[in-house]
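Colleague: Protein chains in written order, with numbering that gives the first Met the number 0: chain A, 0 to 814; chain B, 0 to 118.
Source of the hints: derived by calculation from the structure; they are not laboratory data. Among these hints, one or two may not hold up.
[Claimed, not checked] Straight-line distance between alpha carbons at most 25 angstroms, and here's what the computed BS3-like set of lysine-lysine pairs gives: (1) A/Lys805 <-> B/Lys41; (2) A/Lys21 <-> A/Lys393; (3) A/Lys148 <-> A/Lys166; (4) A/Lys21 <-> A/Lys139; (5) A/Lys62 <-> A/Lys456; (6) A/Lys31 <-> B/Lys41; (7) A/Lys166 <-> B/Lys67; (8) A/Lys774 <-> B/Lys41; (9) A/Lys658 <-> A/Lys694; (10) A/Lys812 <-> A/Lys148; (11) A/Lys390 <-> A/Lys166; (12) A/Lys481 <-> A/Lys274.
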Amino acid sequence: MRVAPFIISTVITSALIYGLNKQWGSIPPMGKFLHPQYGFWQNAEPASQSFDADLSFAELKGKAEVYFDDRLVPHVFAENDEDLYFIQGYLHAKFRLFQMDLQTKAAEGRASEIAGAKAINYDKEQRRLGMKFAAENAMKEIDKDPASKLLFDAYTKGVNAYIGSLKESSLPLEYKLLNFKPEKWTNLRTALLLKMMAKMLSSGTENDLAYTNAKSVFIPDQLKTLYPQVPDSLMPIVPKGTAFEKPGIVPVKPVVADSFYFDNNETVSAKEISKPDINNGSNNWVVAGSKTQSGVPILSNDPHLELSLPSIWYEMQLQTPTSNTYGVTLPGSPFIIIGFNDSIAWGVTNAQRDVKDYYNIKFKDDKTKAEYWFNGEWKKSELRIETIKVKGSKDVLDTVAYTVFGPVMFDKSFQDHISSNRNLAVRWTAHDPSNEGMTFYKLNRAKNYDDYEEAIKTFECPGQNFVFASKTGDIAIWQQGKFPARWDRQGLYVMPGEDSSFMWQGSIPQAENPHSKNPARGYLQSANQRPVDSTYPYFIPGSYITARGVTIDHYLSSMDGITPNDMMKLQNNYFNSLAEDVKSTLLQFIIEEDLTATEKKYLDTFKSWDLMASPDSKGQTIYQCWFDSLEAGIWMDDLSRTTPMAPWPTEQTTMELLKRDTASYFIDNITTPQKETLYDIVTAAFKKASAELTKAEAAGKLEWTKFKNPTIYHLLKDALPAFARKGLNVGGNGNIINAVTHSHGPSWRMVVQMSTPTEAYGVYPGGQSGNPGSKFYDDYIDNWVAGKYNKLWFMREGDRMDKNIKWTMKFKKSE
Amino acid sequence: MKFLVATILTAMLAFIAGLLSFSPWWGFAVTSLLVAILVHQKAGKAFLAGFLGLLLLWAGLVWWIDMKNNGVMSVKIANVLPLGGNSIYLILVTGIVGGLVAGMAAMSGSFLRSTKSSR
Numbered sequence: 000m001r002v003a004p005f006i007i008s009t010v011i012t013s014a015l016i017y018g019l020n021k022q023w024g025s026i027p028p029m030g031k032f033l034h035p036q037y038g039f040w041q042n043a044e045p046a047s048q049s050f051d052a053d054l055s056f057a058e059l060k061g062k063a064e065v066y067f068d069d070r071l072v073p074h075v076f077a078e079n080d081e082d083l084y085f086i087q088g089y090l091h092a093k094f095r096l097f098q099m100d101l102q103t104k105a106a107e108g109r110a111s112e113i114a115g116a117k118a119i120n121y122d123k124e125q126r127r128l129g130m131k132f133a134a135e136n137a138m139k140e141i142d143k144d145p146a147s148k149l150l151f152d153a154y155t156k157g158v159n160a161y162i163g164s165l166k167e168s169s170l171p172l173e174y175k176l177l178n179f180k181p182e183k184w185t186n187l188r189t190a191l192l193l194k195m196m197a198k199m200l201s202s203g204t205e206n207d208l209a210y211t212n213a214k215s216v217f218i219p220d221q222l223k224t225l226y227p228q229v230p231d232s233l234m235p236i237v238p239k240g241t242a243f244e245k246p247g248i249v250p251v252k253p254v255v256a257d258s259f260y261f262d263n264n265e266t267v268s269a270k271e272i273s274k275p276d277i278n279n280g281s282n283n284w285v286v287a288g289s290k291t292q293s294g295v296p297i298l299s300n301d302p303h304l305e306l307s308l309p310s311i312w313y314e315m316q317l318q319t320p321t322s323n324t325y326g327v328t329l330p331g332s333p334f335i336i337i338g339f340n341d342s343i344a345w346g347v348t349n350a351q352r353d354v355k356d357y358y359n360i361k362f363k364d365d366k367t368k369a370e371y372w373f374n375g376e377w378k379k380s381e382l383r384i385e386t387i388k389v390k391g392s393k394d395v396l397d398t399v400a401y402t403v404f405g406p407v408m409f410d411k412s413f414q415d416h417i418s419s420n421r422n423l424a425v426r427w428t429a430h431d432p433s434n435e436g437m438t439f440y441k442l443n444r445a446k447n448y449d450d451y452e453e454a455i456k457t458f459e460c461p462g463q464n465f466v467f468a469s470k471t472g473d474i475a476i477w478q479q480g481k482f483p484a485r486w487d488r489q490g491l492y493v494m495p496g497e498d499s500s501f502m503w504q505g506s507i508p509q510a511e512n513p514h515s516k517n518p519a520r521g522y523l524q525s526a527n528q529r530p531v532d533s534t535y536p537y538f539i540p541g542s543y544i545t546a547r548g549v550t551i552d553h554y555l556s557s558m559d560g561i562t563p564n565d566m567m568k569l570q571n572n573y574f575n576s577l578a579e580d581v582k583s584t585l586l587q588f589i590i591e592e593d594l595t596a597t598e599k600k601y602l603d604t605f606k607s608w609d610l611m612a613s614p615d616s617k618g619q620t621i622y623q624c625w626f627d628s629l630e631a632g633i634w635m636d637d638l639s640r641t642t643p644m645a646p647w648p649t650e651q652t653t654m655e656l657l658k659r660d661t662a663s664y665f666i667d668n669i670t671t672p673q674k675e676t677l678y679d680i681v682t683a684a685f686k687k688a689s690a691e692l693t694k695a696e697a698a699g700k701l702e703w704t705k706f707k708n709p710t711i712y713h714l715l716k717d718a719l720p721a722f723a724r725k726g727l728n729v730g731g732n733g734n735i736i737n738a739v740t741h742s743h744g745p746s747w748r749m750v751v752q753m754s755t756p757t758e759a760y761g762v763y764p765g766g767q768s769g770n771p772g773s774k775f776y777d778d779y780i781d782n783w784v785a786g787k788y789n790k791l792w793f794m795r796e797g798d799r800m801d802k803n804i805k806w807t808m809k810f811k812k813s814e
Numbered sequence: 000m001k002f003l004v005a006t007i008l009t010a011m012l013a014f015i016a017g018l019l020s021f022s023p024w025w026g027f028a029v030t031s032l033l034v035a036i037l038v039h040q041k042a043g044k045a046f047l048a049g050f051l052g053l054l055l056l057w058a059g060l061v062w063w064i065d066m067k068n069n070g071v072m073s074v075k076i077a078n079v080l081p082l083g084g085n086s087i088y089l090i091l092v093t094g095i096v097g098g099l100v101a102g103m104a105a106m107s108g109s110f111l112r113s114t115k116s117s118r
């Protein structure tokens with residue numbers, strides 16, 4: 000043996016292996032990662048991959064088959080509910096494990112375990128918002144009902160059965176890239192996923208902190224102009240003219256409201272870091288047989304969410320001898336969330352209601368937060384010590400005080416920049432114990448209107464517009480949720496929390512939630528607008544979006560002999576009704592003599608624009624740039640009077656102000672000595688927009704789709720740009736029916752005609768497999784872009800030998 | 000002849016090591032070292048046999064995987080790494096990394112069995 004050379008070469012070999020076994024910053028352990036038999040190459044799924052399998056598990060009760068069609072949609076045929084949801088869990092994990100794991104970890108405030116120190120503040124916010132607290136409360140409710148616990152247990156076991164079968168080599172790609180391992184599933188994680196949806200849809204629908212600042216500088220009349228409750232052009236969900244019952248609860252304004260609440264001009268410097276996207280919304284509508292060619296109802300739904308790869312949705316059919324349901328599911332939760340069965344179809348849009356308020360808390364000692372002043376005495380807070388594990392560095396501890404209102408989200412230790420001594424507790428309906436999952440279990444099995452009504456009754460948060468159609472010809476919609484009964488302007492601003500006088504006095508009785516069944520006009524629609532006109536007897540603030548409802552109503556009211564194809568076209572419609580309303584005002588107030596030749600050219604294009612936000616439209620780009628800079632011109636000076644800035648009025652509000660009051664107080668720029676008129680502001684805005692447009696044109700980006708660059712990112716966003724699909728040739732915008740923005744939009748489009756057999760179409764911008772190395776990762780995107788749909792195959796018992804079946808996965812109880 | 004045997008043996012054993020669930024990803028380093036002890040050659044040749052054995056095995060395997068996958072995965076990873084989205088580079092890098100580890104391990108094996116006389 001040659002000792003010295005041996006030692007040297009062995010040391011080099013070991014160092015090489017060590018270096019390749021270690022994660023360097025964001026670079027994964029390269030040895031393992033590149034290894035053909037362990038690493039990412041194992042995730043490169045052969046195009047001819049078979050999904051046939053024979054599987055047996057001790058947890059199963061009987062036998063079951065899963066038939067995959069050529070789009071990799073599983074049609075699950077089980078003998079009982081428990082096996083059904085076990086298999087749903089198994090399939091979710093098999094095709095979407097990373098997304099389930101990541102999303103629930105993020106919901107719980109554990110993103111730092113994966114992303115490192117940059118996610119600490121995000122995690123703190125999640126914990127201080129009480130996300131886990133909310134999920135634990137939901138769990139208690141699930142545990143109270145043994146029948147529902149059984150279903151959640153079965154689902155959890157199914158997920159874990161798949162996780163248990165994983166080898167190093169079969170781990171999803173993202174685990175190899177980020178160098179971590181999947182964690183066991185629990186019912187709590189299912190609850191966390193549903194709370195993540197609750198946050199997405201019911202936490203960003205209030206603006207209390209920013210409104211509080213606005214209130215400190217604007218007088219009540221100005222506040223009404225900036226943030227009106229009922230827009231002029233509203234087309235509510237409940238048809239106008241519907242009479243409402245006398246309110247079952249009349250909340251009483253505290254006598255001290257003026258002095259302690261409305262006239263309190265204290266500002267708030269706290270700000271939410273991860274406030275959900277304001278565009279989280281959706282369209283749904285249903286037309287009765289009287290308006291369709293076939294004489295049966297047609298139901299349509301397209302939920303608008305942040306678009307991602309893998310998609311938030313996973314398509315499935317779930318069948319037992321007593322139920323048969325098709326639709327989209329949320330990986331991480333059992334049941335079908337949007338879909339249809341043999342008797343009914345349903346869809347959801349977001350209610351946009353404000354169900355979250357803040358209360359000012361006075362601690363005896365801001366450091367310990369151990370006691371707070373409430374109803375004339377020092378009350379003990381419940382302290383939760385949160386341990387945030389951080390990848391690559393030390394744990395971070397954070398103490399959160401829980402009060403009678405809820406967790407104290409903001410205090411001296413969060414966020415750091417707060418110099419004022421305001422402690423803000425959050426009261427949010429998502430914290431209340433409820434079992435939203437069971438609504439979907441029952442909807443999956445509903446046979447008629449009564450079953451539907453019974454199913455949705457207990458659904459509390461996030462408030463949703465459940466649209467409905469049945470084979471018996473009924474159409475209906477309910478805005479369902481638990482909504483606080485508020486006195487006028489209660490909870491628009493941070494409220495005093497030193498006693499119970501400003502607490503919610505109750506909820507609006509469920510039966511009084513806005514709803515409509517079989518209206519004479521033969522259609523119902525919801526698109527995140529205010530659900531009712533001003534005659535509804537409750538004060539119902541929210542982040543409503545008006546324009547889409549106006550457009551949908553405009554089309555549906557005039558249509559007849561409707562076919563599923565008409566509904567698909569409508570879901571892909573590009574008409575910009577807001578632009579239609581404001582165009583004449585813009586053209587009236589622009590001073591054309593002041594424009595340069597280039598600017599005139601843009602104006603001419605705008606004048607001849609067909610008001611469609613189609614992909615190749617230049618008019619839409621010009622309009623949007625112009626309107627955006629007009630909004631800045633009108634509001635910026637006024638909103639900047641407070642720090643942080645007061646919230647922006649909606650586009651709708653701006654448009655309506657221009658229609659109503661062209662000499663409004665807000666038109667003038669208060670930062671200049673002279674007084675501007677609408678002529679000045681509109682023209683200056685156009686000139687500013689033209690500068691931007693010139694740049695865009697030089698870059699070849701004047702067409703709307705090039706300008707906004709529609710992109711569907713991988714869940715890890717900027718960390719993995721190569722996994723995204725960019726430059727999709729699709730038009731639309733948040734206020735347009737086809738609500739595609741840069742990376743947000745219709746996450747599932749579905750049209751169901753209640754004929755026999757049911758005729759259903761659907762598409763989502765993604766693919767059934769979460770594996771970026773699979774051809775099923777993004778194979779629906781091109782169809783989605785083109786406005787094309789997949790015909791949904793509602794498989795029957797007798798179809799077990801059908802040629803649509805590409806692969807079969809057999810499940811049975813293991814011996 | 001000896002060289003060819005060592006190369007083929009290195010590749011074969013490395014492949015088998017990759018199938019064993021208890022083996023860490025670097026199991027092939029151990030087998031490559033063993034091959035070099037068993038089929039003794041001078042250090043340089045041993046390195047080359049180890050290097051080539053793994054280069055051929057890994058590059059061959061992933062070339063096959065990539066072909067069946069129509070390059071769906073390799074293009075994405077070759078953008079992440081960053082290799083400009085070039086699948087061929089990614090296949091080569093994969094082969095070279097395996098080759099270097101195996102080559103170095105084989106060299107150690109050669110030195111382990113070397114005597115002054117066989118120098």
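Colleague: Would you mind marking each hint as holding or not holding in the structure?
Modeller: Verification of the hints:
1. With a CA separation close to 55 angstroms, the supplied pair A/Lys805 and B/Lys41 exceeds the 25 angstroms bound.
2. The suggested pairing of A/Lys21 with A/Lys393 holds, with an alpha-carbon distance near 19 angstroms, which does not exceed 25 angstroms.
3. Proposed proximity of A/Lys148 and A/Lys166 is contradicted: the alpha carbons are some 30 angstroms apart, above 25 angstroms.
4. Proximity of A/Lys21 to A/Lys139 is assessed by CA-CA distance (about 42 angstroms); at most 25 angstroms being required, the pair is judged violated.
5. Among the hinted pairs, A/Lys62 with A/Lys456 is inconsistent with the structure: their alpha-carbon atoms are about 34 angstroms apart, more than 25 angstroms.
6. A threshold of 25 angstroms between alpha carbons decides the hint, and for A/Lys31 with B/Lys41 the separation of about 29 angstroms lies outside it, so the pair is violated.
7. At roughly 22 angstroms between alpha-carbon atoms, A/Lys166 and B/Lys67 fall within 25 angstroms of each other, so this suggested pair holds.
8. A distance of roughly 47 angstroms separates the Cα atoms of A/Lys774 and B/Lys41; the hinted pair therefore is violated under the 25 angstroms criterion.
9. Proposed proximity of A/Lys658 and A/Lys694 is contradicted: the alpha carbons are some 31 angstroms apart, above 25 angstroms.
10. For the hint linking A/Lys812 to A/Lys148, the alpha-carbon distance of about 21 angstroms falls within 25 angstroms, and the restraint holds.
11. Between A/Lys390 and A/Lys166 the alpha-carbon distance is near 23 angstroms, which keeps this suggested pair within the 25 angstroms criterion.
12. As the CA atoms of A/Lys481 and A/Lys274 are separated by approximately 21 angstroms, the hinted pair is consistent with the 25 angstroms bound.
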